[in-house]
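The listed protein sequences correspond, in order, to chains A and B. If you read the first sequence in the working numbering, its first letter stands for residue 787, the second for the next number, and so on. If you read the second sequence in the working numbering, its first letter stands for residue 962, the second for the next number, and so on.
It is worth saying that the hints were derived from the structure and are not from the lab. Since the model is a prediction, treat every value here as computed from it, not as a measurement.
Derived DSS-like pairs (lysine-lysine); straight-line CA-CA distance at most 27 Å:
id: 1; chain 1: B; residue 1: LYS1237; chain 2: B; residue 2: LYS1179
id: 2; chain 1: B; residue 1: LYS1037; chain 2: A; residue 2: LYS905
id: 3; chain 1: B; residue 1: LYS1039; chain 2: A; residue 2: LYS1033
id: 4; chain 1: B; residue 1: LYS1038; chain 2: A; residue 2: LYS1017
id: 5; chain 1: B; residue 1: LYS1070; chain 2: A; residue 2: LYS1033
id: 6; chain 1: B; residue 1: LYS1092; chain 2: B; residue 2: LYS1162
id: 7; chain 1: B; residue 1: LYS994; chain 2: B; residue 2: LYS1095
id: 8; chain 1: B; residue 1: LYS1032; chain 2: A; residue 2: LYS1017
id: 9; chain 1: B; residue 1: LYS1039; chain 2: A; residue 2: LYS905
id: 10; chain 1: A; residue 1: LYS1017; chain 2: B; residue 2: LYS1070
id: 11; chain 1: B; residue 1: LYS1162; chain 2: B; residue 2: LYS1237
id: 12; chain 1: B; residue 1: LYS1162; chain 2: B; residue 2: LYS1032
id: 13; chain 1: B; residue 1: LYS1037; chain 2: A; residue 2: LYS849
id: 14; chain 1: B; residue 1: LYS1039; chain 2: A; residue 2: LYS1037
id: 15; chain 1: B; residue 1: LYS1037; chain 2: A; residue 2: LYS1037
id: 16; chain 1: B; residue 1: LYS1179; chain 2: B; residue 2: LYS965
Quick list of simulated restraints, FRET-style, between CB atoms:
id: 17; chain 1: B; residue 1: SER1235; chain 2: A; residue 2: ASP1058; range: 31 to 39 Å
id: 18; chain 1: B; residue 1: LYS1038; chain 2: A; residue 2: VAL888; range: 32 to 40 Å
id: 19; chain 1: B; residue 1: GLU1158; chain 2: A; residue 2: ARG1055; range: 39 to 47 Å
id: 20; chain 1: A; residue 1: ASP1058; chain 2: B; residue 2: THR1004; range: 15 to 23 Å
id: 21; chain 1: A; residue 1: ILE1000; chain 2: B; residue 2: TYR973; range: 24 to 32 Å
id: 22; chain 1: B; residue 1: LYS1228; chain 2: A; residue 2: ASP1058; range: 47 to 55 Å
id: 23; chain 1: A; residue 1: VAL1038; chain 2: B; residue 2: LEU1160; range: 33 to 41 Å
Note that beta-carbon positions come from the ideal geometry of N, C-alpha and C, so glycine has one too.
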Amino acid sequence: MNRIVIGRYIPGNSFLYRMDPRTKLIAMILLMVSVFLIQSFIHMLVALLLVALLLVFGGISVKRVYLGLRPLVFLLIFTFLFQVLFNRQGDLLYSLELHYTVLNLSIAMALVIMWGFTKRFLRFRLLYFLATVAGVFLLFHYLPFGIVLGEGTFSVYEQGLSTAFFIMVRLVIIITLSTILTITTKPTDLNLGLESILRPLRILRINAEEIAMIIAISLRYIPTLLDEANKIMLAQASRGVDFQEGKLKDKVIQVVSLLVPMFIISFQRSDDLANAMETRSFVPGQKRTRLHILHWSGLDTTALAFTCAALIGVILLRVVGW
Amino acid sequence: MAIKFERVSFQYRGIDEKGYLALADINLSIAAKGEFITLIGETGSGKSTLAQHMNALLTPTEGRVHVFGVKLTSDKKKNRRQRLNPIRQRVGLVFQFPEYQLFEETVLKDIIFGPKNFGVGQDEAVERAKKMIKVVGLDESYLERSPFNLSGGEKKRVSIAGILAMEPEILILDEPTSGLDPMGRNALLEVFHNIHEQLGKTVVIITHDMNTVYEYAKRVLVLREGALVYDGDPSGLFSRKHVEDWNLELPEILRIQRALEERFGIKLDKSPRSRKELIEALGEVVG
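Make a model of the complete structure from these sequences and hints.
This is how it looks when you write it as C-alpha cells:
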C-alpha cells in the first residue's frame, strides 16, 4: 500500500523547494504546453536534456522519478509498438516478410503458452514479454516451411517511428514534470497555490477556496482509506474470505463484504472530520486568515521568465518552421 | 504445539524502503488446548501484529511460524501455495473494531457469513448463530436487526459471535472489552472464561486492563517495542521490578491487598485474584 510514488512529497532544500507553489504550477503548465508544440527531433532531445538538468540541479534522484514512471512503462511500450506497427506513413525504413504456416503458427502458439506459464517465475517480466513477441516475429520470417496459410509483411515506416518517439518522450517529460512538482511541494502548499491561481474564477461564481478544500481533503484521505481497506480485508480474511480462490458468485459476496464496511467507514470519517472542522469554527465560504502566506520572490520571477521564454521560443520555432 | 513462533521478526514496509520493525525475534509457543493467555503492551508495541501472525493474516519477514502444522516463512510464494484458509477457521481472530467486518443486512446473516465461508451448511450455521448470540449475552430478537443500528457494545458482541460461530479451536480477541461498560465487560470476560473452562479451548486476549490479566490469565505475554519481554504467570509479572521497568499498572485487587498489609497490617493467607476471592480471604482473616 505504501508503494504509491505519484503525488508524494519528499523533503529537500534545492531551489525547487524554495519556489512559490504558484510559480511551479504555472511553470509546469507552460512547459507541458511547450513540449506539445515541439515538432523537431533535435528540439525534443534538447527538451529532454533540459528536464534532466532540472532533475540534477533540483537535487531530485532519478530513481524517484523512475519509480513514478514505472507503472506507466507498459503503457509507454504499448503505444510505441502500436505506432511502429500500424502507422504506415512516410518512407519505408525496414521490412520483414512473414509467412504464416501450420508449423510456425503452432510453434508460436506454444511459445505464447510457455510465456503465460513461466512469466510468474521470472523477475524481468517486461523484457521476457518483448523477447517473446520478437521471437514470434522471427519465427514467422525464418521458418517458412509447411503448408502456407497466408503471407504478410512486418514493416517500419519513418512516420510511425517518429510519432512513436514523440509520444513517448512527451509522456516521459510530462510525467517527470508533474513528479517534480509533487515531490518538491507539500500538499498544503500545492493546495494554497491552486486556490490562489483559481481565484479569478470568482467572476464565474466558482468558489476556488471550496474546490481547493475538496481537493486537499480527498488527497489527504487516500492513504487513510487505503489503510482502512487493508484492515477490512484482514478482518474479512479472518472470517474465511479467500481473495485468491472461489467461484464468481463467491467473489461477488467477497467484494460486497469489503465495500459495505468501506462505505460506512468513509461516511463515519467524513462525519468526524466535519465535526472536527466545525469545532474549530470552520464555516464554508467565510473569509479566513492564513497561517502560511505565499511569498513571491526574485527566484519565482526568474523561473517564470525562463519558462515563458521557453514557450515563446518554441512558438517562434514553430512559426519560423525550423 | 498448535502455534509456534521461531525467531520471528516482522517489518512493515515504510515509505522510503526503511521498514518499521513491529516484531523482533519472537520465540513463543501456544498449545491448542487449555491455555488462557493475555497479551499486553503499550500502544504500538506489536500486539495486533503478533495476533495477526497467529492466523496467517501476516507472514513473518524473518523466522518461522508454525500454525497447526502449516509452516509460514518469509517466502511469500511458498506461503501462498499452502491453503491458509483452514488455519483461519481453526484460529479465530476477532478484530478490535467491529465496523471493519459487519456488512450484512441482518445480524443473523452476518454471523453465518464466517461459518458458511468454511463450508458449513445454511441450517447448521443458523443453529450456531442462535446459540452464539446467546453466548455473547444478546437474545434471539437481535438476529433480525440490522448490525448498523446497534450500539458500540452490541456491535462488538455480534462481531465476537460471528467468530465464535466458526467454532475455532483457538480464540484470539483484540481488545474485546474496549468501549464496553463495566457490567458488559465482566459479562463478556466470563463468556471467554467459560469457553476456556468448559470447552477447554485456548483463549488469547489482547488487553490494557491489568485486572483482566490478574483475574483470568494463566499466562501473560508482555511486548515492548516488538520484543517479547515476559512470558509467564501473572503474579510473577506484578513483582515490583517489572512493574516499574515496564510502566505497568498494578491490578486493583493487588493494590488493595498491599494497602491492607501496609496500613492495617492485615496479611492474607493466599493471594486473591478477583473481588470475590478477596472478600472471602478477608472474611477468613477477620473472622
